[in-house]
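Asker: Each chain, written out:
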Amino acid sequence: MDNTLFGYLDYAVYGTAVLVMLIGLYGAMVKKSLLKIVIGLSVIDSGLNLLIVAIGYYKGGTAPIFSQGFLDNFKSVSKMVDPVPQALVLTAIVIGFGVTAVALALVIRLYRHHGTLNIDEIKNLKW
Amino acid sequence: MVGTPVLFVAIPLLAAFLIPLLGMIWKELVRIVPGLVLTYLLILSVNLLNHVLVHGPIVEVIAGWVPPIGINLVFSAFSGFLVVLMEFLGLLVWAYSYRFKRNVDYEPALKYFLMLMMLITGSVGIVLTGDIFNMFVFIEITSISAYGLTAFYKGRNSAEASFKYVMMGSIASTFLLLAIMIIYSQLGTLNMADIANRIHTMKPAYKIISYIFFVTALGIEAEIFPLNGWAPDAYAEAPGPVGAAFAGIVVKAAVYAIIRYTYTIFDLSGTLNFLIIIGMITLIIAETAAIRQEKLKRMLAYSSIGQMGLVLVAFGFGTKEGVFAALFLMLNHAIIKSLLFFSGSYLVYNSTEKKIEEVNGMSKYLPITSLLFALGAFAIVGLPPFAGFWSKLSVMTAAADSNMILIMALVLIVSVVELVYYLRVVNRIYFFKKEASIKPHRPTINAMVVMLVLGAIILVIGFYPDAVTGILHKASASLMDKGQYIHHVLSLKQ
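Chains A and B supply the protein sequences, listed in that same order.
Per our numbering, numbering through the first sequence is continuous, rising by one, with the last residue being 1288.
Per our numbering, numbering through the second sequence is continuous, rising by one, with the last residue being 505.
Check the hints yourself; a few may be wrong.
[Said to hold, decoys possible] Simulated crosslink set (SDA-like; lysine to any residue; CA at most 20 Å straight-line):
| id | chain 1 | residue 1 | chain 2 | residue 2 |
| --- | --- | --- | --- | --- |
| 1 | A | K1193 | B | G240 |
| 2 | A | K1284 | B | T363 |
| 3 | A | K1240 | B | Q197 |
| 4 | A | K1240 | B | L198 |
| 5 | B | K165 | A | H1274 |
| 6 | B | K366 | B | A300 |
| 7 | A | K1240 | B | S196 |
| 8 | A | K1220 | A | V1174 |
| 9 | B | K165 | A | T1277 |
To be clear, the hints were calculated from the coordinates, so they are not data collected in a lab.
All chains should be modelled from the sequences, with the hints used to inform the complete structure.
Answerer: Shown next as structure tokens:
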């Protein structure tokens, strides 16, 4: 096996996460439809969550659970992935879900009020 | 010991989620319970602050895990002062908005008071927490309830204002989490004291990136230019008392967070100059925008943004006098701007557009409210003998001590600009004829009491500033003493 290729692949997850965040940012900034903007915000969150999980990952690490299997292999494998980022991501996912729900509720209200989802046509407050 | 800091988070959260259940028993409980909880928390915070001023900071460890592993809350003189201020304002906002409209239905009142409780919990949590990830969580609690409160009225353009706020707030939270993860990936800790202790081992590039992300994220809540796009719309479209809650509670919490990161956590050189520069830009832009506003609440919102810029400038001096002046400004801004929002929303209560012209001749119909608005306007401009004079004076002396002549000149010019647009409103209240189409709305008794209390406080601080300066000096000393903060948190034993 070519080791250098897998060496690069270790970093690929960071690149992917940043790419996903940028795609989300593009959606939130450029798109005109309110729904697409909300989707974009949600995609940014997903990319960030991927990045955070990747930060806590060790190559060959096991799940951060004290099981018999982990204790048996303690000397040979000896590494768990960092559980803190995973816990943080769990919180961040829940918060992101809440924000998306609020945003969608507002989109429904805006649609009822203006009869359109196009952000250019909703400018009572001068966007 | 009279209580622990953890009650500031636990009790209002519990109360907020119990309110709907209690409301099923007796509908009036929805309105009464928040007041009882906030009264208790105010008494508790005053007691704890008295304790802290004598015995030094209280560090509360959650679930027995000692820092840097566990979560901790720090009640120092600095954070304690802000907690007292926030709980006090929270209580006033509650008292003002108790039946803020006649015949408010059960359900809107339920949502309103629930979100108000969450807003205060989150803001107090930001100030008390000693852990950057918990700060993120509290900021999200605050923001989500702020989105809800902005969108409270169905008839107005509040959904639009709120959506704008959601977009900025959502991207802000992404930046905040990114900054937190940069620090975590470099240092492997989330505890603020531990980070402050070991930040010098971090590479400068990472430090700068994460600091910029922090300031960008928190700057949105703290209304720093150019991140303040949400603020005027949110203030204008939210209910009147919520504007006071934003100006007095949410923004103060965000400014606290920026200051905590700048003074305690990061040891970057040049951040203080950075604060001065962004503060000055915010001040100039906001005051020039305020003078052009046609709607009363938007004008108050821009004035609020300008004051926050001045607070950042004062913090940017980096001297003890500067921090003292900034804290004095924060206190005065919280009190005076709340009074302006409270009285201003009655002045434009029955008009649809809420324009400044619509306050014409209100002094004949709402004499006390008009008088209090004028009092607030004079106080925030900095005329003696009102409270705002002393805070502007302390900014000037702090600037003089640091040899910053330019800033002294700027503060004077800005005061003149403020005088122009506030006097314009006061002039209309007293010397113009009322338009027949607008019917003034008399304040409720509780709103009147709240406004009179605020007016009395402005006069008391104005005539006798020593009433608060002692606490402010101790609070600023506690902020400046970084070593003591780290020592108090990290020296805990199980």
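Asker: Next step is simple, just say for each hint if it's right about the structure.
Answerer: Evaluation of the provided hints:
Pair hint K1193(A) plus G240(B) holds up; C-alpha atoms about 18 Å apart against a cutoff of 20 Å. Restraint check for K1284(A) and T363(B): satisfied, since their Cα atoms lie roughly 18 Å apart, inside the 20 Å limit. For a cut-off of 20 Å, the pair hint linking K1240(A) to Q197(B) stands: about 19 Å separates their Cα positions. This hinted pair checks out: K1240(A) and L198(B) have alpha carbons roughly 19 Å apart, not beyond 20 Å.
Between the alpha carbons of K165(B) and H1274(A) the distance comes to roughly 9 Å, so the proposed pair stays at or under 20 Å and holds. Under the criterion of a C-alpha separation no larger than 20 Å, the hint pairing K366(B) with A300(B) is consistent with the structure, at around 15 Å. Distance check on the hinted pair: K1240(A) and S196(B) sit about 17 Å apart at the alpha-carbon level, within 20 Å; holds. For the hint pairing K1220(A) with V1174(A), the CA-to-CA distance comes to about 12 Å; that is within 20 Å, so the pair holds.
Among the hinted pairs, K165(B) with T1277(A) is consistent with the structure: their alpha-carbon atoms are about 17 Å apart, no more than 20 Å.
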